[in-house]
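J.: Each residue of the sequence shown is one higher than the one before, starting from 1 at the first, in my numbering.
Derived from the structure by calculation, the hints contain no laboratory data.
Do not take every clue at face value.
Stated by the list, open to error - Derived DSBU-like pairs (lysine-lysine); straight-line CA-CA distance at most 35 angstroms: (1) K65 with K20; (2) K33 with K58; (3) K162 with K23; (4) K161 with K187; (5) K56 with K161; (6) K162 with K187.
Claimed, not checked - Between beta-carbon pairs, the in silico distance windows are: (7) D172 with G63: 51 to 57 angstroms; (8) T34 with T166: 26 to 32 angstroms; (9) R87 with G63: 54 to 60 angstroms; (10) K20 with P141: 35 to 41 angstroms; (11) S188 with N99: 26 to 32 angstroms; (12) Y101 with M1: 24 to 30 angstroms.
In this text, a Cβ means the ideal position worked out from N, Cα and C, and glycines have one as well.
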Amino acid sequence: MMQVGADYNIRALDTADSLKSFKTGSAAFAPLKTFLVNQACDFHGSNIAKTYVAVKLKTSANGEKTEDLTLSVLGYITLTCSEIDIRNGYTVDDCTHANSYESLPAIKIARLAVDIRYRSNGIGDQLVALALAIANDLIAPNVGCRFVVTDAKKEAVAFYKKMGFTILETEDNKNADTPVMFVDILKSLGTPLM
1 MMQVGADYNI RALDTADSLK SFKTGSAAFA PLKTFLVNQA CDFHGSNIAK TYVAVKLKTS
61 ANGEKTEDLT LSVLGYITLT CSEIDIRNGY TVDDCTHANS YESLPAIKIA RLAVDIRYRS
121 NGIGDQLVAL ALAIANDLIA PNVGCRFVVT DAKKEAVAFY KKMGFTILET EDNKNADTPV
181 MFVDILKSLG TPLM
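Produce the entire structure from the sequences given, and follow the hints as far as they go.
T.: Have a look at this one:
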């Protein structure tokens, strides 16, 4: 298992990052590489969506850890503003007035991928933990945001469940190719830091 800070760092995407050798391992996930290589930098620079990358560290002769820029990105997550329609699928108990709205504010995990060569090392877990921390610690206290959402590929549903996400309980959503999954920040993580 690789460790953040010892084996890799997570930071904002940089235009100098090596992206082309990223391997998804499956045709179902090929659009994730296409986005990373062709659009992520533009979206990031234009504040449409922010991408964070896991990059491998190497140890120098004097024992100092530095980024190994010769290697590609190990994994990435892209976040954007969004909303979630919770009607008939979830109730906000602590603010009943919110339940009368068609949708409520959310941060969306728009893309998440780990290079096939580095899966099962906890990198995806750390990227999702980053998204939850950004939503809970930075966005919710300053803007108002209750949920982190994603449109999960069927192959990723078990991963998101393990990370604390719930499938929105509507018939249409449960039968969708990419069901909406969410975390209620207040219930899952507690009151955001002020």
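J.: Now tell me, hint by hint, if it's right for this structure.
T.: Against the structure, the hints:
no.: 1; hint: K65 with K20; result: holds (24 angstroms)
no.: 2; hint: K33 with K58; result: holds (24 angstroms)
no.: 3; hint: K162 with K23; result: holds (23 angstroms)
no.: 4; hint: K161 with K187; result: holds (15 angstroms)
no.: 5; hint: K56 with K161; result: holds (27 angstroms)
no.: 6; hint: K162 with K187; result: holds (16 angstroms)
no.: 7; hint: D172 with G63: 51 to 57 angstroms; result: holds (55 angstroms)
no.: 8; hint: T34 with T166: 26 to 32 angstroms; result: holds (29 angstroms)
no.: 9; hint: R87 with G63: 54 to 60 angstroms; result: holds (56 angstroms)
no.: 10; hint: K20 with P141: 35 to 41 angstroms; result: holds (38 angstroms)
no.: 11; hint: S188 with N99: 26 to 32 angstroms; result: violated (18 angstroms)
no.: 12; hint: Y101 with M1: 24 to 30 angstroms; result: violated (42 angstroms)
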